[in-house]
Each structure stands twice: as C-alpha cells, then as structure tokens.
Amino acid sequence: MASENLYILGIHMTKFGKYPNRDLIDLAAEAAQGAFKDGGVTMGDMNILAAGNLRGTGRIGQPLQKQIGQTGIPVYNVTNACATGATAMRVVMMAIKAGEADMGLAVGSEKLAGVGLLTGANVKADGKTWTPEGRYDAVSATDGRIGTETMPGVFAQIGMEYGSRYGEVSFETFAKISEKNHYHSTLNPLAAYQKRMSLEEIMKDVMVAYPNTRPMCSANSDGAAATVIVSEKKLRTLSKAQQDRAVKIAASILTTDPWEDGCQVLANVNTCTREAAKQAYAQAGVGPKDLHLIELHDCFATAELVHYDNLMLCDEGAAVEHFNSGATWREGRQPVNVSGGLESKGHPIAATGIANVWEIATHLRGEAGPRQIEGAKIGMTHVIGLGNTCAIHILQK
Amino acid sequence: MPNQVPLVSYLVLGDDPHLIAHECTNCKARFFDRRNGCAKCFGTEFKDVSLPKEGKVRAFSVVHSAAPGIKVPFVASVIECGTTRVSANIINVDPKPENVKLGMKVKLATYVLGKDEAGTEAIGFGFEPA
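Chains A and B supply the protein sequences, listed in that same order. The numbering of the first sequence is the working numbering, which starts it at 103 and goes up by one. The numbering of the second sequence is the working numbering, which starts it at 10 and goes up by one.
Keep in mind that the hints were calculated from the coordinates and are not lab data. Be careful, since some hints might not be right.
Unchecked claim - Pairwise CB distance ranges (calculated):
id : chain 1 : residue 1 : chain 2 : residue 2 : range
1  : A       : 419       : B       : 50        : 25 to 31 angstroms
2  : A       : 426       : B       : 116       : 20 to 26 angstroms
3  : B       : 35        : A       : 270       : 57 to 63 angstroms
4  : A       : 417       : B       : 110       : 23 to 29 angstroms
5  : B       : 128       : A       : 237       : 23 to 29 angstroms
Note that the Cβ used here is the ideal one computed from N, Cα and C, for glycine as well.
Given only the sequences and the hints, what does the whole structure look like? Please build it.
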C-alpha cells in the first residue's frame with residue numbers, strides 16, 4: 103500500500119445458519135455491534151460506513167444506521183456479487199487512504215437459507231409467438247439449452263477445464279477437497295454445518311452438477327460479518343490493548359478478469375485471481391510460501407482446486423499433487439479453509455468476504471481456540487464475484 | 010416444411026446449419042452476442058465469420074439441477090471449435106460422466122425445440138459425438 107498502513111481494529115461474524123425470525127438488519131447489527139465491541143469503539147467513532155448486500159434490498163446501510171446509530175456519516179451501499187463484503191472493506195479503505203476518514207465500518211449481511219439453486223438470469227418464458235430478445239436474440243430460455251448458467255454447473259466446468267489444461271482430475275480428488283473442508287468445520291462453532299463426512303458419503307450424496315455433489319457446494323446460509331478499519335495514525339492514539347490486537351492489512355487488491363479467448367463463454371476466475379495474487383504478494387512484500395494459512399473461495403470443491411494454482415500455492419499445473427501432498431489440511435504445511443470453507447461454514451454472499459478476514463484475523467491474534475493454527479502470523483483471504491471479480495487481502499500480525 | 014427460427018441469432022439455419030461469431034476486424038477477437046465494442050482492443054467494427062462444425066470438449070458438467078422446464082440430467086459443455094470456444098449442451102448421448110471425455114470429438118447437431126401458436130418451429134443446437 104502507498105503511504106499509510108491500515109489495520110483491522112475490530113471484527114465479528116455471526117454464526118452462519120438459518121435465522122427465520124431475524125432480518126438482514128438484525129444480522130448486520132449483531133455483526134456491527136460485535137465489531138465495535140471487539141475494537142473498543144462505538145458508532146460515534148466511525149467516519150464512513152460501507153454496507154454490502156446482494157440478494158435482499160441491496161440497500162441496508164441507512165436502515166442499519168437507524169438501528170445502531172444515526173450519526174450522519176457517508177454511507178455507501180455496495181454490491182459486487184460474491185465479492186460484495188470484500189468490496190465494502192475496500193470502500194472503507196479507499197476513503198481512509200483518500201483522507202476522508204480515519205476509521206470506518208464495513209458490513210455484509212445476507213439471507214440465503216432455503217433459496218435453492220442459484221441460476222443465471224436468462225430464464226425466459228415462452229410467448230405465443232417466438233420473439234427474439236436480449237443480446238443473443240433468443241426466442242426462448244437458453245440456460246440449460248446452451249450450456250448452463252447454474253452456479254454448480256459453471257464451477258464444475260471451471261474445475262474440469264483445469265483438467266483439460268493439466269491432465270484430468272478425478273471425481274474422487276474433488277470430493278476429497280470437500281472431505282477436508284467438512285473435517286475442518288467440526289472445530290468451527292460458527293459454521294452452519296459442523297459434521298464430518300466420509301469420502302464415500304460425499305461421493306454418494308445427491309449429484310447437483312457432476313462432479314459436484316451437494317456437500318461439495320457452498321451452503322446457502324444466513325449470516326453477517328463486519329469489521330472496523332482504522333488508519334495507522336489514528337490507531338496510535340488508541341489504547342495499548344487496542345493496538346496490541348490490531349491486525350495489519352498488508353495487502354488489499356481487487357481485480358476483474360481481463361479479456362482472454364473464451365472468457366465470455368465460461369467464466370474465467372483464473373486470470374483475475376492470478377493477477378490479484380501477484381499484486382497482493384508485491385504489495386505485502388511476501389511470497390506464497392510465507393503464508394501460514396489461507397481462506398480461499400471454495401464456492402464449490404471444483405473451485406478450490408484451481409485456486410491452489412491461481413494463488414501460486416503450488417507450481418503451475420500441480421494443484422492435484424499439491425492437494426494430494428496433504429499440504430492444505432489443517433495438519434499440513436499450509437492449511438486452506440480451516441474454517442470449513444463455504445462448503446460447510448456457509449456462504450451468505452455479502453458476509454463471506456468479511457467473514458474470511460475474521461477467520462484469518464482470529465488466528466493471527468491467537469484467539470481461534472481448538473482450531474488455532476499455531477504460530478500463524480501471515481494469512482490470506484480470497485473471494486471471487488462471478489462475472490468476474492477477485493478480491494484478496496493479506497493480513498499480518 | 011414449417012417455418013423455422015433459430016434459438017439464437019448466431020445459429021444460422023438452412024441447408025447447412027452452422028454457428029457464426031462476430032469477429033473484431035482489428036484484432037480478430039470473437040463474440041456471440043450483440044456488440045458495442047471489442048472487449049480486447051475496443052474496436053467497433055465486426056464481421057460475421059462461420060465456425061467449424063466440429064470441435065473438441067474443453068470442459069463439461071452433467072447437470073442434475075436446473076431452471077424450471079429444463080429436462081435433467083443434461084450435459085453442459087464448452088466446445089473448442091478451432092480456436093473459438095462455444096457454450097453448448099452435448100446431445101444425443103446418455104447423460105452420464107462416463108459417456109463424455111475431455112478432448113472428445115463432437116459435431117454440431119440441431120433439433121426442434123418446440124412450436125409456437127403459428128406452427129413456427131424454434132430450432133436449438135448442441136454437439137453430438139463425432
């Protein structure tokens with residue numbers, strides 16, 4: 103980062119799961135007030151609020167203020183697909199770096215339990231006469247007739263495409279990634295699902311989009327996460343206790359996918375991730391081998407595999423070998439998704455890009471309890487917003 | 010023969026049904042949808058080019074859960090037609106993973122998707138094993 107370092111002062115996530123009696127604002131308020139308490143500050147200390155929500159009203163910032171503190175500060179409502187939470191964080195960071203604020207709150211809240219399959223936008227009812235519509239002059243729905251726009255199917259193909267480049271990846275390999283993440287979730291009391299699953303159970307579960315069975319898909323859940331971000335200068339005016347627990351944001355990068363042949367046919371989450379990773383390593387002055395743990399965007403088991411490669415955690419083309427080495431299990435040399443990942447922790451979209459920062463920050467503070475990765479000092483978070491966006495944060499203690 | 014319309018305008022019907030792409034006259038990047046400009050070089054001039062009718066499977070998924078009205082399972086795929094990638098279903102094959110292979114050779118096939126009230130047929134396309 104340029105001039106001044108930024109820090110996570112306070113951070114909180116709700117347990118992910120089902121909250122039939124609580125709305126987006128209730129969840130966002132719990133996360134925000136939790137982050138204030140964690141950071142030893144109040145709404146009165148915030149100079150900016152960035153609020154993320156994708157599938158609700160998309161405009162929760164002002165309603166949230168009305169529940170936790172209306173101070174007249176600027177509010178930015180943010181949506182950026184599954185990168186929404188990470189984008190909200192970056193809005194706060196950019197305001198601080200621009201000198202408009204010295205402390206701000208980023209929050210993401212989503213109600214997703216029970217929504218079922220997330221499909222593409224191109225679902226068109228047939229009329230009495232065929233009428234061309236849209237950018238392809240389609241006379242009928244194309245999702246399901248010209249490939250698939252469903253998320254499990256898109257990400258299944260992203261995993262299979264890796265096989266086209268570097269050698270076929272077996273169904274079993276993808277399922278083992280899910281086995282790892284479900285195993286990790288057993289130590290995370292905030293995960294929506296905390297049940298260990300055997301490889302056989304995972305492979306024999308309901309097939310959603312081969313090779314992704316149901317437990318290999320991110321869990322649609324409700325939840326929220328929030329963080330208070332502070333400038334270094336402001337942090338130095340706070341108590342020693344606050345300073346001691348602050349976590350440095352060593353890198354914050356957001357990219358979109360540059361044009362490449364085929365990128366408008368199958369979402370290309372590789373180019374934007376690799377570029378974001380390169381920039382993040384340069385900004386933080388660290389390399390992939392320096393990371394003690396990583397929370398990456400395992401929206402599907404097939405996605406986790408390709409990101410080992412995109413984040414350069416392994417040699418190019420060696421993601422399967424890397425996984426088979428055991429490196430990414432919590433007992434391995436570079437654990438990935440010790441929270442249980444989106445496959446078991448859950449994926450309340452707008453909360454995800456802050457919840458993964460909470461996970462890393464909690465380990466760097468040495469406060470992760472039974473699932474603590476001992477000695478963790480540097481960690482990375484990664485999210486993908488389909489369409490495509492990649493956001494990466496590197497945190498350092 | 011009843012009147013026919015293609016499912017999408019990049020499917021050209023007639024005696025020799027085939028797919029076309031809009032190719033940037035400057036950098037040759039190819040696109041299937043209506044264009045405002047070239048995503049690669051920002052050029053604004055395009056010409057239509059015909060794609061080979063044969064290709065290879067670059068990626069696929071056997072989709073078991075889909076939008077309402079779509080029969081499952083079906084095979085969604087990305088096909089490489091020469092140097093151009095195309096989204097399509099693999100059709101005329103029992104939709105099981107063991108029946109589709111990465112790199113498998115396939116060829117374009119069309120089918121009647123349905124009729125409207127005037128009796129006009131909508132024609133869809135997919136790729137079948139070559």
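Evaluation of the provided hints:
| no. | hint | in the structure |
| --- | --- | --- |
| 1 | A/419 <-> B/50: 25 to 31 angstroms | holds (29 angstroms) |
| 2 | A/426 <-> B/116: 20 to 26 angstroms | violated (36 angstroms) |
| 3 | B/35 <-> A/270: 57 to 63 angstroms | violated (37 angstroms) |
| 4 | A/417 <-> B/110: 23 to 29 angstroms | holds (26 angstroms) |
| 5 | B/128 <-> A/237: 23 to 29 angstroms | holds (28 angstroms) |
Violated hints, listed in ascending order, are 2, 3; each of the other numbered hints is respected by the structure.
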